[in-house]
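Trainee: Based on the hints, put chain R in the right spot on chain X.
Number of protein chains: 2
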Amino acid sequence: MLYSQRMAQLSKALWKAVEKDWQQWIKPFGLNINEHHILWIAAHLKGATISEVAKFGVMHVSTAFNFSKKLEERGYLSFSKREDDKRSTYVEVTEQGHGLLLEINNHYFDTEHSVLEGSLPVRQLYGRFPEFIELMAVIRNIYGEDFMNIFEEGFRNMEQLYGKEAQAERAADAGEAEVQSIEEKDEVS
Amino acid sequence: MLYSQRMAQLSKALWKAVEKDWQQWIKPFGLNINEHHILWIAAHLKGATISEVAKFGVMHVSTAFNFSKKLEERGYLSFSKREDDKRSTYVEVTEQGHGLLLEINNHYFDTEHSVLEGSLPVRQLYGRFPEFIELMAVIRNIYGEDFMNIFEEGFRNMEQLYGKEAQAERAADAGEAEVQSIEEKDEVS
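As they're listed, the protein sequences go chains X and R.
Taking the UniProt record's numbering, the leading residue of the first sequence gets 1, the next gets one more, and so forth.
Taking the UniProt record's numbering, the leading residue of the second sequence gets 1, the next gets one more, and so forth.
Just so you know, the hints here were simulated from the structure itself, not pulled from any lab data.
These numbers were taken from a predicted model, which means no experiment stands behind them.
Hints are not guaranteed to be accurate.
[Stated by the list, open to error] In silico contact screen, one side only, chain R against chain X (beta carbon under 10 angstroms); selected entries: (1) L2; (2) M7; (3) L10; (4) E19; (5) H37; (6) F65; (7) R74; (8) E117; (9) G118; (10) L120; (11) R123; (12) L125; (13) N141; (14) Y143.
[Stated by the list, open to error] Facing chain X, from chain R, some residues (calculated, C-beta under 10 angstroms): (15) M1; (16) Y3; (17) K16; (18) F29; (19) W40; (20) F56; (21) S62; (22) H113; (23) S119; (24) G127; (25) E131; (26) M136; (27) F155.
Glycine included, each C-beta is placed from N, C-alpha and C at the ideal position.
Next up, chain X with everything else stripped away, as it sits in the complex:
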């Protein structure tokens, strides 16, 4: 029970910090956390059913549905049915929605991110951001393999997306261009 209360305390403190950072970040764009969360889940899964959005977003199906509808009204999401599965409602991010997400990402550093800043000393010490492997194990046990798969898939898609952007940025940087081309040669050979 002591362990549970410790976890309650820790997870509340962490989530409240995350929530505050998140709210401040997206506030100028007229979205709430649920709407932004749905939008990025749909984007990173390259389309998703409402139940996938709800599961991955850890929200009620009705919450996922209602906020998705609002995003559709504003032109950021489109609803559809799949030929092979007429029962599930499918959402996809529209071009306008992708534009908004990119715009939001571009303004990431306009606001304070206490969780990121709080993690920097750990990165300084270990050379990388904390990976929370124990925490990942606990969450895997609670939410199951499915949840972790969607989780990893989403982040792989993101890494590809941002990896390319980062590569392009690096390529544009004259000082790094040479290193880049050497790396590319290494990859070819």
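Mentor: This is chain R only, laid out in the frame that chain X set:
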């Protein structure tokens, strides 16, 4: 930013699981999470100011104050001013409040605790519950030394409290009584 979104996802999943476990546990006792949280903070700090409750409970001062007032109306908390600091409102758990907390604790195993269960495989593997030292470091950086001190102080008080209870239980158990007395002799010598 990837790291932030990963943290957002992880902390939301963890907190939603904690919240659900917690709600189910205390539901029969007519308290909400904030009220129960305030009550155990006040108990484990052996009395606290409203601002300590708010800080340690990661809630607004007005939330801490309003729910404390409700707990006072129901006879679980008492309000007072300290002679040496007339500006701060001090709350203490009444006898009735301690009774309620004990009652709630005694019914801990009546409901499911997914976070505890999700952590058992980690304990099985390592012989102890995960300690989340990276996570503790991040939270220390966000909330500061004060927060961690209150955190540790609260848990030390709890451990003392439950340590004594556990000892008493062990002493009552005939099979363990002998071991107990040997341990006590060891401590004396």
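Trainee: So, for every hint listed, does it hold in this structure?
Mentor: Hints and how they fare:
For L2 (chain R), the interface hint holds, since its Cβ comes within 10 angstroms of a Cβ in chain X; the closest pair sits about 6 angstroms apart. Proximity of M7 (chain R) to chain X holds as hinted, the smallest CB-CB distance being about 5 angstroms (cut-off 10 angstroms). Using the Cβ-Cβ criterion of 10 angstroms, the hint placing L10 (chain R) at the interface with chain X is satisfied: the shortest such distance is roughly 6 angstroms. Taking 10 angstroms as the C-beta contact cut-off toward chain X, the hint placing E19 (chain R) at the interface holds, the least distance being around 8 angstroms.
Interface hint status for H37 (chain R): upheld, as the beta-carbon distance to the closest one in chain X is roughly 8 angstroms, under 10 angstroms. A distance limit of 10 angstroms between C-beta atoms decides the matter here; for F65 (chain R) the minimum to chain X is near 18 angstroms, and the interface restraint is violated. The closest approach between the C-beta of R74 (chain R) and any C-beta of chain X is roughly 22 angstroms, which is over the 10 angstroms cut-off, so the hint fails. The beta carbon of E117 (chain R) comes within 7 angstroms of a beta carbon in chain X, closer than 10 angstroms, and the hint placing it at the interface holds.
Checking G118 (chain R) against chain X by beta carbon gives a least distance of about 4 angstroms; that is within 10 angstroms, so the hint holds. The restraint placing L120 (chain R) at the interface with chain X holds, with a minimum CB-CB distance near 8 angstroms, inside the 10 angstroms limit. Hint on R123 (chain R) holds. Least Cβ distance to chain X is approximately 9 angstroms, under the 10 angstroms limit. Interface restraint check for L125 (chain R): the shortest CB-CB distance to chain X comes to about 9 angstroms, inside 10 angstroms, so the restraint holds.
For the restraint placing N141 (chain R) at the interface with chain X, the shortest Cβ-Cβ distance is roughly 4 angstroms, inside the 10 angstroms limit, so the hint holds. Proximity of Y143 (chain R) to chain X holds as hinted, the smallest CB-CB distance being about 6 angstroms (cut-off 10 angstroms). For M1 (chain R), the interface hint holds, the least distance from its beta-carbon to any beta-carbon of chain X being 5 angstroms, beneath 10 angstroms. Taken as an interface hint, Y3 (chain R) checks out: its beta carbon lies about 5 angstroms from the nearest beta carbon of chain X, inside 10 angstroms.
Here the hint on K16 (chain R) is kept, as its CB sits about 5 angstroms from the closest CB of chain X, short of 10 angstroms. Interface hint status for F29 (chain R): violated, as the beta-carbon distance to the closest one in chain X is roughly 15 angstroms, over 10 angstroms. A hinted interface residue such as W40 (chain R) counts as satisfied when its beta carbon comes closer than 10 angstroms to some beta carbon of chain X; here the least separation is about 7 angstroms, so the hint holds. Given the 10 angstroms rule on beta carbons, the hint for F56 (chain R) holds: about 8 angstroms separates it from the nearest Cβ of chain X.
Checking S62 (chain R) against chain X by beta carbon gives a least distance of about 15 angstroms; that is not within 10 angstroms, so the hint is violated. This hint holds: H113 (chain R) has a C-beta 6 angstroms from the nearest C-beta of chain X, less than the 10 angstroms allowed. With its C-beta approaching chain X no nearer than about 5 angstroms, S119 (chain R) sits inside the 10 angstroms limit, and its interface hint holds. Annotation: interface hint on G127 (chain R) violated; nearest CB of chain X at approximately 13 angstroms, more than 10 angstroms.
For E131 (chain R), the suggested interface contact is upheld, since its CB lies about 8 angstroms from the closest CB of chain X, less than 10 angstroms. Contact between M136 (chain R) and chain X, as hinted, is supported at the beta carbon level, the nearest pair being about 7 angstroms apart and thus within 10 angstroms. At about 6 angstroms, the closest approach between the beta carbon of F155 (chain R) and any beta carbon in chain X falls short of 10 angstroms, and the interface hint on this residue holds.
Of the numbered hints listed earlier, those contradicted by the structure are 6, 7, 18, 21, 24.
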